[in-house]
Amino acid sequence: MHPFTYQRATTPAQAVAAVAPAPGAAFVAGGTSQLDLMKEDVLRPSLLVDVTALPLTTISALNGGLRLGAGVSNTAAALHPEVAARYPAVSEALLAGASTQIRNMASLGGNPLQRTRCPYFRDPAQACNKREPGSGCAALQGINKVHALFGASNSCVATHPSDLAVALAALDAQVQVTGPNGPRTIAFPDLHRLPGDTPQQDTTLAHGELITSIDLPAFTGRSHYLKVRERASYAFALVSCAVALEMEGQKIRRARVALGGVAHKPWRVPAAEALLAGKKPSEKLFRAAAEAAFADAKPLEHNAYKIPMGRNLMERALLETSGLQPLQGPAGTAFAASVGGVSGE
Amino acid sequence: MATCYPPCAVPGSAAGRARVARSPHIPGCFAYAGLNLTCSMSDEPRLPLGEPAPDCLLPNGRYLHELRGQPVLLAFAPEEWNPAHAHQSTIFTQLLGAFDAGSSAPEAVVSCWHSLSCHGPVAAQFGVAGQRALLLLDEQGRLRWQTTIRPGHELRTGQVLAALEALRPDAPAPCAAAGEAAAGAALAPAGGGLSRRTFVTATLATAALLLLVGAAEAAGPVSPTETQPPMPAPEAATVPVTLTINGEAHRLEVEPRVVLLDALRENLHLTGTKKGCDHGQCGACTVHLDGHSALSCLTLAVMSEGRKITTIEGLAQGETLHPMQAAFVKHDAFQCGYCTPGQIMAATALVQDKQRRSAAEIREAMSGNLCRCAAYPNIIAAIQEIQTA
Ligand SMILES: Cc1cc2nc3c(=O)[nH]c(=O)nc-3n(C[C@H](O)[C@H](O)[C@H](O)COP(=O)(O)OP(=O)(O)OC[C@H]3O[C@@H](n4cnc5c(N)ncnc54)[C@H](O)[C@@H]3O)c2cc1C
Ligand code: SF4
Ligand code: FES
Ligand code: FES
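Heads up: the sequence lines are chains A and B, in that order. If you count the first sequence from 1, you need to add 12 to reach the numbering used here. If you count the second sequence from 1, you need to add 338 to reach the numbering used here.
Source of the hints: derived by calculation from the structure; they are not laboratory data. Among the hints, a few may not be true.
Short derived list, chain A residues pointing at chain B, Cβ under 7 Å [unchecked claim]: (1) Thr44; (2) Asp62; (3) Ser147; (4) Ser245; (5) Ala289; (6) Ala346.
Glycine included, C-beta positions come from ideal geometry on N, C-alpha and C.
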């Protein structure tokens with residue numbers, strides 16, 4: 013790890029003032045992504061500004077929804093009774109991610125901003141435009157098993173690893189940020205960007221912009237998160253799917269679906285969502301929606317398996333959310349979220 | 339051209355010393371098998387490639403020349419843990435891991451790196467002056483590959499494996515020329531039918547010895563031949579930190595980049611907390627922060643100030659084991675015991691909420707603690723006993 017100086021901020025304004033003017037500065041919250049990558053020599057900030065002492069650790073009611081402070085831990089958010097009851101997709105996504113220890117450390121502000129798990133990004137000996145702009149992309153010709161199906165470019169084919177982000181995208185959460193130019197609100201689906209020619213930029217945040225809260229809008233429908241991974245627990249998603257379903261009588265009033273593990277950002281599927289609106293839930297309908305969602309997938313050499321896997325997963329997530337198929341475990345737990353079960357039984 | 343590599347000098351012989359003293363410095367930059375790794379000249383050990391290594395007395399009381407007939411890997415690291423070398427242990431852990439993975443010759447691995455030194459006479463004999471370095475000698479005791487691991491950098495074990503691979507009998511002859519050409523030859527990408535893994539396994543099973551040197555200093559080394567000015571580690575600013583560990587306040591001075599795990603183990607000598615992966619993936623370093631389980635390898639010591647830290651050392655009451663520790667003993671919930679402190683810290687944090695969990699729920703909650711010995715069923719049994727007690 014390269015040497016750096018350390019500061020602990022006690023107010024958001026202080027944190028922003030410390031980071032914004034210093035190009036080499038970064039925030040650190042739980043540190044589970046930031047410090048890991050610093051140990052790998054992938055990140056070399058000259059200044060780390062600790063945001064864990066900021067007064068951003070509460071969950072409160074807001075316009076019929078919930079305001080989740082950016083400093084709330086993944087564990088605290090997932091187990092919060094209001095979150096688990098009203099936004100089970102959020103609890104499921106959080107609890108199906110990482111491990112108990114990491115969830116205790118990780119923060120809601122840091123989680124969506126964690127960097128990709130593309131192995132070439134994490135290895136400074138490899139070419140990677142995200143880590144070192146202009147150096148090339150080793151994944152294009154390399155092992156691209158965990159890489160993107162949608163929205164990738166010739167500069168970068170990485171996927172975003174956060175589970176939480178997928179659930180937040182489906183729920184149209186809002187991100188409150190404050191920065192050198194004051195506060196603003198970002199619709200969650202606009203927080204992350206596609207790689208284009210500048211894959212070094214994961215999000216639309218400016219340097220020094222601090223997330224202060226994530227706001228969940230009022231929502232009375234059902235939501236659910238489903239994740240496939242290589243082992244029963246403690247692994248990143250190969251493919252995941254978050255569904256937010258609002259019904260009107262027997263029919264779907266509005267469906268929102270976001271896919272994880274398939275793009276540089278949580279991948280909303282508007283064509284499938286349009287297909288679902290106004291229809292009665294059925295296996296056939298959900299199959300058709302899943303087909304539509306993956307219609308323009310562009311597989312690389314090693315990741316075509318994600319197309320049938322993702323289609324099946326999305327169909328199943330819709331079936332389970334609508335109640336046509338039972339959840340695999342209690343709503344709001346890792347058991348509901350994990351395809352194949354978590355226990356190894 | 340085997341004659342260009344005279345056999346290794348006898349311990350402390352004038353010939354050996356002179357040869358080292360006269361050696362030209364090795365070239366500053368070279369590409370390692372496919373990797374474009376640049377080393378600055380001043381960072382490199384100064385023993386030329388192809389030259390016989392000077393002899394020295396090893397920690398186990400034998401001389402280096404007695405190990406002829408097998409490749410020898412010499413590893414140098416600072417004797418004292420130094421936060422400026424935050425990766426020093428990781429490197430050697432990884433290296434041992436890499437060899438272990440394919441080796442059926444465990445007796446060849448001498449893991450005594452905690453007392454290694456890259457300062458002092460033996461190091462100087464090899465041209466190592468304060469840096470972490472790895473040197474590979476062939477069966478005839480000639481230097482075939484070397485690398486310096488600069489502060490803040492990590493060794494890529496692949497490089498070492500590639501260098502070992504280049505020692506195989508059908509690799510290009512190293513004798514063509516000394517210096518740069520030899521480096522190129524020794525590091526040429528593998529040809530032939532053997533995969534890297536197979537070859538390394540074969541090499542290790544038959545011959546290779548991973549020897550970690552340095553305690554040799556204490557054993558009385560042959561006198562130095564040429565002392566080079568030591569390369570001081572870059573001084574980074576330390577900050578005062580007060581950590582409350584197991585109810586006791588500890589004041590220490592650490593660099594901001596020191597993680598809690600290293601502060602516990604290296605500064606405070608609380609070595610019950612283990613370093614497994616150093617990257618948040620195994621749980622061996624689990625401690626409690628304010629009563630919740632957390633990974634000390636991904637927590638900065640400076641960020642732990644003001645928090646209540648509990649380590650495995652803080653569980654027992656004097657000679658009386660914590661009930662969870664006793665349950666682990668009773669259920670034989672470990673084999674080698676390396677993951678055990680982390681397992682117990684995760685388990686004690688888990689049962690605090692007094693919730694009764696099914697075996698499946700325990701497994702899920704404990705999935706962040708890997709056990710290489712797969713003691714899982716017994717770990718679950720120990721936790722179940724405590725939560726029903
Ligand atoms: C072994 C392992 C397994 C994991 N598995 C999963 C998994 O399955 N699913 C999953 O989703 N995640 C997983 N993770 C990732 C983990 O969940 C994230 O690293 C974590 O949520 C990041 O939160 P943090 O608070 O630790 O962020 P940090 O590491 O502190 O910061 C991450 C980034 O966010 C920035 N940042 C932090 N807070 C703010 C803020 N308030 N405003 C602006 N910027 C900010 C930092 O500068 C940094 O760039 C895993 C991690 C590890 C190590
Ligand atoms: S996919 Fe993106 S992150 Fe991975 S190597 Fe290519 S540029 Fe880097
Ligand atoms: S040492 Fe492996 S998780 Fe910390
Ligand atoms: S007891 Fe050996 S790793 Fe768990």
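>> Quick check on alanine 346 of chain A please, does its C-beta sit within 7 Å of some C-beta on chain B?
In response: Because about 6 Å separates alanine 346 of chain A from the closest Cβ in chain B, which is inside the 7 Å limit, the hint holds.
> Is the hint on serine 147 of chain A kept, meaning its closest Cβ partner in chain B is under 7 Å away?
Replying inline: This hint is violated: serine 147 of chain A lies away from chain B, its Cβ roughly 10 Å from the closest one there, beyond 7 Å.
> Does the interface hint hold: is threonine 44 of chain A within less than 7 Å of chain B, judged Cβ to Cβ?
Replying inline: This interface hint holds because 5 Å falls under the 7 Å limit.
>> Checking hints one by one. Is alanine 289 of chain A an interface residue toward chain B, by the C-beta closer than 7 Å rule?
In response: It is violated, given that the least Cβ distance between alanine 289 of chain A and chain B is near 36 Å, above 7 Å.
>> Does serine 245 of chain A hold up as a contact with chain B if the rule is Cβ-Cβ below 7 Å?
In response: At 4 Å from the nearest chain B Cβ, serine 245 of chain A passes the 7 Å test, so the hint holds.
> How about aspartate 62 of chain A: closest beta carbon in chain B under 7 Å, or not?
Replying inline: Hint holds; aspartate 62 of chain A Cβ to chain B Cβ min 6 Å, cut 7 Å.
Violated hints, listed in ascending order, are 3 and 5; each of the other numbered hints is respected by the structure.
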